[in-house]
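A.B. asks: Those sequence lines, one after another, are chains A and B. According to the numbering used here, the first sequence is numbered sequentially starting from 1. According to the numbering used here, the second sequence is numbered sequentially starting from 65.
Treat the hints with caution; some may be incorrect.
Selected chain B positions facing chain A (in silico; Cβ < 7 Å) [unchecked claim]:
#1 Gly102
#2 Ala115
#3 Val204
#4 Phe206
#5 Gly309
Pair by pair, the computed Cβ-Cβ distance ranges are [claimed, not checked]:
#6 Ile46(A) with Leu303(B): 20 to 28 Å
#7 Phe293(B) with Thr43(A): 14 to 22 Å
#8 Pro157(B) with Phe19(A): 24 to 32 Å
#9 Ser162(B) with Ile46(A): 41 to 49 Å
#10 Pro157(B) with Trp45(A): 40 to 48 Å
#11 Gly304(B) with Phe19(A): 20 to 28 Å
#12 Gly34(A) with Asp251(B): 24 to 32 Å
#13 Arg191(B) with Trp45(A): 44 to 52 Å
Treat the hints as calculated values from the structure; they're not laboratory data. Glycine included, every Cβ here is placed at the ideal spot set by N, Cα and C.
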Amino acid sequence: MAAVSKKIKRSSASLTGGFVVGLAVISLVLLITGDLGVWQVSTRWIVGFVLGGALGAWVRISDL
Amino acid sequence: MNDSMPQNKTMPQNKGMPKRQAAFREDFRQRIATFYNGPLHVLMIFGIGIAVIWYSARHIDNPAWYDWLVIPVVFFFANLFEWWIHRFVMHRPIKGFSNFFMAIYTRHTLAHHQFFTDHEPTVDSTRDFRIVFFPPYALVTFILIAVPPTAMLIFSGLPNMGWILMATSVFIYLNYEFFHYCCHVKDDRLIKRIPFINTIRRHHIAHHDVHLMMETNFNLTYPFADWLFRTSDLNRGVLGHLFNGYSARQVKRKRRKVIGAADDPRAGIARAPNATK
């Protein structure tokens with residue numbers, strides 16, 4: 001049982017998963033804002049990076 | 065369970081949490097990261113999912129009647145996929161592939177099923193969402209699986225079908241997460257009155273019986289594939305399966321012999337009826 005719990009706590013999946021979620025959020029922000037035609041391109045990238053970075057980092061530090 | 069749970073021949077009653085389950089819960093909760101936040105976890109999943117559905121819906125333009133036929137087709141194959149992955153990946157230790165499938169098995173069979181049993185299948189706080197909901201990258205993976213057929217339809221000159229396929233796929237994923245949460249929520253006063261949700265709650269809690277989990281009740285949305293492949297604990301037709309609710313009147317009585325009870329470390333290991341000790 002201890003081995004199982006250890007795996008949950010220190011999963012490397014959360015590292016990969018954090019990057020995956022971050023990239024997905026950046027992509028979504030760029031797609032949606034591009035579709036709506038709002039903001040300048042640079043603003044879209046900044047918002048995408050901030051939001052994607054924050055959520056990706058949270059996935060990692062929460063060890064999801 | 066609470067007082068509102070129907071009595072007799074309905075849902076399994078709370079028989080008291082086994083010591084093994086209580087110990088696992090305590091250990092698991094201590095290991096949940098400090099920064100974890102249950103509502104944020106749920107918000108992230110549904111935020112990403114709804115954004116993709118909204119984006120897909122914006123690209124559907126004046127669809128023909130046949131474009132909508134994608135919806136039942138996606139529901140059908142998603143139901144089979146949900147059944148298959150639950151039965152043959154989440155409950156089977158498969159080595160290789162950089163431990164990708166093994167990690168899924170460990171999280172599900174060795175963690176989720178230890179945390180929730182038919183004795184005590186409900187959450188106590190939002191921090192328990194950690195073991196109810198999939199991590200958000202599972203949704204992203206599911207979206208990526210839906211991208212090739214979506215792109216294929218779009219580039220084949222059927223863009224409406226493609227975008228409906230993507231929207232439906234993500235909707236089904238959110239449907240899965242919501243129904244699964246409803247299976248493990250503490251207060252069932254409302255849930256027990258909602259068709260489909262009451263059905264899947266009984267269906268899934270029965271699946272959390274260690275004696276049944278390896279072979280029975282693998283659907284998490286609508287128990288269609290369990291009916292189709294005869295892996296359900298019910299002896300009913302397809303409509304009876306879908307609208308069964310909490311009723312246990314038609315639960316099959318014949319179950320395979322298993323070793324021990326919930327506190328036995330060997331519990332859940334199915335044995336052939338004629339196997340010797």
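A.B. asks: For every hint, state whether the structure bears it out.
C.D. replies: Taking the hints in turn, this is what the structure says about them:
With a least beta-carbon distance of about 10 Å to chain A, the hint placing Gly102(B) at the interface is violated under the 7 Å criterion. Restraint check, Ala115(B) versus chain A: the minimum CB separation of about 5 Å is within 7 Å; hint holds. The closest approach between the C-beta of Val204(B) and any C-beta of chain A is roughly 4 Å, which is under the 7 Å cut-off, so the hint is satisfied. At a threshold of 7 Å, the smallest CB-CB gap from Phe206(B) to chain A is about 11 Å, leaving the interface hint violated.
Of the supplied interface hints, the one on Gly309(B) is violated, with its beta-carbon coming no nearer than about 33 Å to a beta-carbon of chain A, more than 7 Å. Between Ile46(A) and Leu303(B) the CB atoms are about 53 Å apart, so this pair departs from the stated range of 20 to 28 Å. Here the CB-CB span from Phe293(B) to Thr43(A) is close to 51 Å, at odds with the stated 14 to 22 Å. The hinted range of 24 to 32 Å is satisfied by Pro157(B) and Phe19(A), whose Cβ atoms lie roughly 26 Å apart.
In this structure the hint that Ser162(B) and Ile46(A) lie 41 to 49 Å apart at CB is violated, the actual value being about 34 Å. A hinted range of 40 to 48 Å for the beta carbons of Pro157(B) and Trp45(A) is consistent with their spacing of about 43 Å. At about 46 Å, the CB distance of Gly304(B) to Phe19(A) disagrees with the hint of 20 to 28 Å. Remark: the range hint 24 to 32 Å for Gly34(A) to Asp251(B) is contradicted by a beta-carbon distance near 43 Å.
Checked against the hint of 44 to 52 Å, the pair Arg191(B) and Trp45(A) fails, with Cβ atoms roughly 35 Å apart.
When each numbered hint is compared with the structure, violations occur for hints 1, 4, 5, 6, 7, 9, 11, 12, 13.
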